[in-house]
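Visitor: Here are the chains, one letter per residue:
Protein chains: 4
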Amino acid sequence: MSHDVRRRLTDLRRAFHRHPEPGWREFRTTDRIVSELERIGVDEIAVGREVLSTDARMAVPDVEELEPWLERAREAGVRPDVLDRTADGHTGVVAVVDRGEGPHVALRVDMDGISLPESDDPDHRPAAEGFRSEHDGYMHACGHDAHIAMALGTIEAVKDSEFAGTFTTFFQPAEEISGGGKAMAEGGYLEGVDYLLAVHVGLGNPTGTVVAGVEKPLAMAHLTVTFEGASAHAGKAPNEGANAMQAAATAIQNAYAIPRHSDGMTRVNVGRIEGGTASNVVAEEITLEAEVRGETTALMEYTRTELERVLYAAAEMHDCDVTPRVISESPRVDSDPALRDLVGAVARGTTGVDDVIETAEFGGSEDVTYLMERVNESGGLAAYLLVGTDHPTNHHTPTFDVDEESLEIGVSVLSDAVLECSRREP
Amino acid sequence: MSHDVRRRLTDLRRAFHRHPEPGWREFRTTDRIVSELERIGVDEIAVGREVLSTDARMAVPDVEELEPWLERAREAGVRPDVLDRTADGHTGVVAVVDRGEGPHVALRVDMDGISLPESDDPDHRPAAEGFRSEHDGYMHACGHDAHIAMALGTIEAVKDSEFAGTFTTFFQPAEEISGGGKAMAEGGYLEGVDYLLAVHVGLGNPTGTVVAGVEKPLAMAHLTVTFEGASAHAGKAPNEGANAMQAAATAIQNAYAIPRHSDGMTRVNVGRIEGGTASNVVAEEITLEAEVRGETTALMEYTRTELERVLYAAAEMHDCDVTPRVISESPRVDSDPALRDLVGAVARGTTGVDDVIETAEFGGSEDVTYLMERVNESGGLAAYLLVGTDHPTNHHTPTFDVDEESLEIGVSVLSDAVLECSRREP
Amino acid sequence: MSHDVRRRLTDLRRAFHRHPEPGWREFRTTDRIVSELERIGVDEIAVGREVLSTDARMAVPDVEELEPWLERAREAGVRPDVLDRTADGHTGVVAVVDRGEGPHVALRVDMDGISLPESDDPDHRPAAEGFRSEHDGYMHACGHDAHIAMALGTIEAVKDSEFAGTFTTFFQPAEEISGGGKAMAEGGYLEGVDYLLAVHVGLGNPTGTVVAGVEKPLAMAHLTVTFEGASAHAGKAPNEGANAMQAAATAIQNAYAIPRHSDGMTRVNVGRIEGGTASNVVAEEITLEAEVRGETTALMEYTRTELERVLYAAAEMHDCDVTPRVISESPRVDSDPALRDLVGAVARGTTGVDDVIETAEFGGSEDVTYLMERVNESGGLAAYLLVGTDHPTNHHTPTFDVDEESLEIGVSVLSDAVLECSRREP
Amino acid sequence: MSHDVRRRLTDLRRAFHRHPEPGWREFRTTDRIVSELERIGVDEIAVGREVLSTDARMAVPDVEELEPWLERAREAGVRPDVLDRTADGHTGVVAVVDRGEGPHVALRVDMDGISLPESDDPDHRPAAEGFRSEHDGYMHACGHDAHIAMALGTIEAVKDSEFAGTFTTFFQPAEEISGGGKAMAEGGYLEGVDYLLAVHVGLGNPTGTVVAGVEKPLAMAHLTVTFEGASAHAGKAPNEGANAMQAAATAIQNAYAIPRHSDGMTRVNVGRIEGGTASNVVAEEITLEAEVRGETTALMEYTRTELERVLYAAAEMHDCDVTPRVISESPRVDSDPALRDLVGAVARGTTGVDDVIETAEFGGSEDVTYLMERVNESGGLAAYLLVGTDHPTNHHTPTFDVDEESLEIGVSVLSDAVLECSRREP
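Chains as they are written, first to last, in full-length UniProt numbering: chain A, 1 to 426; chain B, 1 to 426; chain C, 1 to 426; chain D, 1 to 426.
None of these hints come from the bench; they were simulated from the model. It is possible that some hints are incorrect.
Note that the list lumps identical chains together, so a pair holds whenever it fits in one copy or between two copies.
[As the list claims (entries may be wrong)] Pairs of lysine to aspartate or glutamate residues, derived as EDC-like cross-links and limited to a Cα-Cα distance of at most 16 Å, are as follows: (1) 236 <-> 361; (2) 216 <-> 373; (3) 159 <-> 334.
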């Protein structure tokens, strides 16, 4: 890889790092991806509404939350046509390289930042070298900036190769809130994909390590739950209320007590609560944020079903109404062993890679599983690989950073794997 | 009152004391009352089925619990016709003295003992003087033996007086388990009653004191609740069970948390629990015994309704069924002030009475309120009076005893009050 | 009463109405009271720190909450000496009229507004006649504006009368949050008071009605409770957390289940909750706002003690810490019957009063009970009287208003009662 | 194997089947084993107290539960010396075959029946062929009768072989209640054991299958928990009680809500509850039976520690005392891979074995793990093998039966494995 290419990858990554945008608000990020794709010269660039199933989006913020980011993007000079196509929470890009007959290979990366103030410690390289987040309170603390750069580098490399077939890259919005995966899976561009590769950097793996395909991402659903009762004066007429506080407390206690399942691991958590007005008023409304997980999609659904029964019964018990809303969710889909082998073989031949791990448990959740599931259902294969990168501190911490040496490794492994796929029978 | 009469009262009371029988099993007691009434000579003696509404009986024991008492009664020589009429839990007697035109006055006493082993301490008079309970494990520890004696004495006194009208005496079974009051209230003999007097001895009032009419007996309901789920191996497949233990625990916690009511005092208690089979099995069945009380009947019913909602929702929450059964209940009815005044005036003129208290709060529950309610609904007046008696220890304790001097006072106050009622316009 | 006096009462009340200030932030209100007292000419005016026991203040807002009100007061031209004396949440005034030998008579009124946006409906008189609140989001919706005006009018009337003795008026801050009563009770000026009168307008009583002395204000305590545990990833390591959410839920369930008490009415409520960060994180911190009440101070304390046991045990159960802080409280103290009789007699002779009710149950809580308790403990008498006023809607609603005709009635009853007290033997 | 030997195995198994005895009450079973060992002629027979650590016994029944079984054994002619040595719940036997220099090899079988009435369906072979349980309500429903027969057969076979070294057989009592394993592990006879084999029949494996060594028996602890509060009249003075019912309900809810653990599977169950006296009495005493399990011993201990915290805090919350007693427990110990390989190799060469499975998850709990742990700690190897047997219905059901063809297979595999061990270097 030329020094220029290497330099461009680093510059790109730093440019995205400076402007992190949270889920469904990646207006500026979308714009910059489009510009880069135009520079590279691909056969099709589809944006926002064109690549998403509007109804399948999850965890979309309301207008008040979208507006400031839209305004900021406008001020930063984002093109009006991009703003139009991404309006109302429709960020994201799909790029297609069409090289005639051959398999349809796809790559998926994510593109959103998170709500976390970035460190200004001089030991934190982005601070020292001037590419720290310019969006106060937000940060690329999970490496999605590196993912975008790698994807752009991979497109360029594939374009310059002997690749035959179709190569489609998905820049998916709103991964952190499990909001964009389903919408992109149902947006139309996955149709006919034979091989899907997804990538993540780091996760404890150092530069030089590649995990060929992860397994056991947890199936997950995130719910917002509102109990509505009736307020009353707690001293004068407690019996006239319908106590949402008691309903919520009963629900919480019983949620954690949902039976363990013989088929495997389940999880449930109520992580946030707020409601009521004052100490002397029977609480009328309480809102919870909860999640359920399972080692399999079925186990997650078992837990969600049990949780919903607990919620409805707790409301009924205290004469309240309850509205559980599934904000986002993702199934469990493991990497395909055959595609994993292909990635492993490619990685073993890649400069800079000194350790190839066949598979590893993912532990957390990832909504790329929607895309993987879709591809599997149509007869295609999918794998989720990890490209190691030295990171000084954990993901989702203010001093997270990536080793930019890994960008080049990522591009090599991905572009070679795409090429290798195109040589297989679809 | 002659020495003979006084002696007969004491003998009678001691005879009943020796043979306490629990609710709906007062076969021998019924028989003895019938014999005494025949000796006295009244105009009508109705027994068992003739005086009860079968369907309105509550807390009736099953055959296994009735049988040994029936057998014991048979062995003691109880008359076959009494056994016939009281079969299947239909104890109780009504005696009518018919003296032509005039008001219809009624007296109600209770007749059951309780499950409590009587003390054999030589300081306990029944033990010392040879009239301790001969039914092991059972005892007249609330003075119902004295009530029966007083009622018989009162009938005799009224019969010998210038009383004009109808005088009906109700010997009610199963008061301790709140089981007989409703059945007697609906048994037919209360029809047309203008004045109803009920009586209790003691309750902390010494010999010489009379409370003319109590108020605020608590309304009460006693429930048996069974949760039914599905058992499962707690280690291998906890998810396959429907955990009646969790349902019961949720119900108990929320039962005690039923909101206090602005209209007054309420109570709820789960006093007994049993269920499940072994530590490694998800519990299939749990049974609770619970009660609710209220300062008024409406407050008791509020609490019962809330309790039932809690029970059904707790069952639903854990995929169980629940069956709450109201075993017995009693409303709140206060003594009528006018009748109370009449009793007070009579008591003030009675030899041996040195303190007349107009009214007092009752505190507990009493199913005579069913009879009082019935009389009130038909336009009659009812009062529940207390005849003081020195009692060495509390009611419902193994060394409870009454001061037999109070028997005569009770007969005087009751018979004079009955006579006084007959002089009033109905 | 002259037309001028009547006019001044109305003007004063409207002036206070325009500038409602919440508890411990009554800087402008204090300033205006001081100015009026100087106009009237009393023998001593003590302000803020001079009249309060600093340590006995409760529910004092922190600096961030005080500052904007201080700034607003400064801009409105409040005198620097008043700002000095009221600094750091020390509002309130005491005015003394010293007329030589004679009893020490005292009057207490409150002076804070509440957090409630006032209606701008043209049917709402303050809106129609231009004296609606100028402090957005705050309102005199409980008549404290009228109380201040009445107190000033009473001081003026007493000063002009043949009153002999000492007359001390307490303008108490922070009544709505039960924050100021104890601090003023312990501030020194109550010493030697023989008669204490407190007054409230309305509470359902129409213009022309006076309640001579209320009874049964509920004893109350308001608590803020913080559970602190340890956060953890709910999917990856739930066992590493100490779940404050579960601790709070357990505490809430058991708080409502604190046993009812045989001595009388108790109440408990958790009216507000907030905590945790996200659905996938074990909650580290949860804050509750709770209150306990009792028909007597002892019953309130029983409930508070039980609540604290529940809180500590719930924290212990989930390996969390808990800090319950009593924010404010008030005991139960009834009006003295003798002083009540004096007020009733005075009221019966007052023009405009057509109905004098001897006593009524208060139902809610009031921290004037701290002052009443103090006076009682020193051998003095205290009564809390109600001056009826037609109010179109309930207290604490956006369209609450008082009938200004009642201002004059209030001044007459209060000043005549003060005068009458001075004629009694102390 | 000769027809005679096969016949003896079947006869023996049926003899034991006819007389099932529950844990620590295997008096007759012990006696019969001793007789058979004397017939066979071994070098040492140790009984009861001689083979158990008295203090390490768990779940020992009290005298009232032991007595009827002792009496029954006496009547059946059990030898006085056996009754002496097994007195007070000290059943069990150890048999030693001493053949000079060589490794010390051990075999462990269990010997208790369970509380379950055996089916008298004519399709149930023990019923049809006359060897159904003669102890009403008790049954060998888990194959321990077959285990004893196999062990006796194995001793005989080893004795007749070229075995060199020491062969010790443990007939362990009270396996079903996890009561005997620890006591035997600490009884002295395990000292110096180089190889320990344990065996179970069936568990879903058909005749002809052998599982060479199981893994993942769950670590388990069984607790009895008693809450003690104070009773009170639920209507008149609920505040005077300390409500053990509320404490238990709080404990149950929170027990099931103990956090899942990142290291693996945990279980908790409250399977039995009983307490309180009547609906109108605040419950004074409630007893629970609970268990905790874990995929590892550490996970079980985590859950037990959490459960104990829940119990103590729930008691404290309701002013009660609580006494959790660990009745029995067992650690997790997996079969040693090397010894498993040896067993597998032997099994593959055994007539009648057509399927050898290297390992399988055990799923449940087994207190042989105490013996395995002891052997491992001293440097020896242990394996727990399964000998398949067709069983018409599940273990622990009234129609459970074993295929007697498997007895011979078991003896062959066990005796050959013992012999093979003796050929290894210890």
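Visitor: Each hint should be assessed against the structure and marked as holding or not.
Guide: Checked hints:
1. 236 <-> 361: Answer is between: at 12 Å across copies they meet the 16 Å cutoff, but 57 Å inside does not.
2. 216 <-> 373: within (13 Å within a copy, 33 Å between copies)
3. 159 <-> 334: Answer is neither: 29 Å inside a copy and 55 Å across each miss the 16 Å cutoff.
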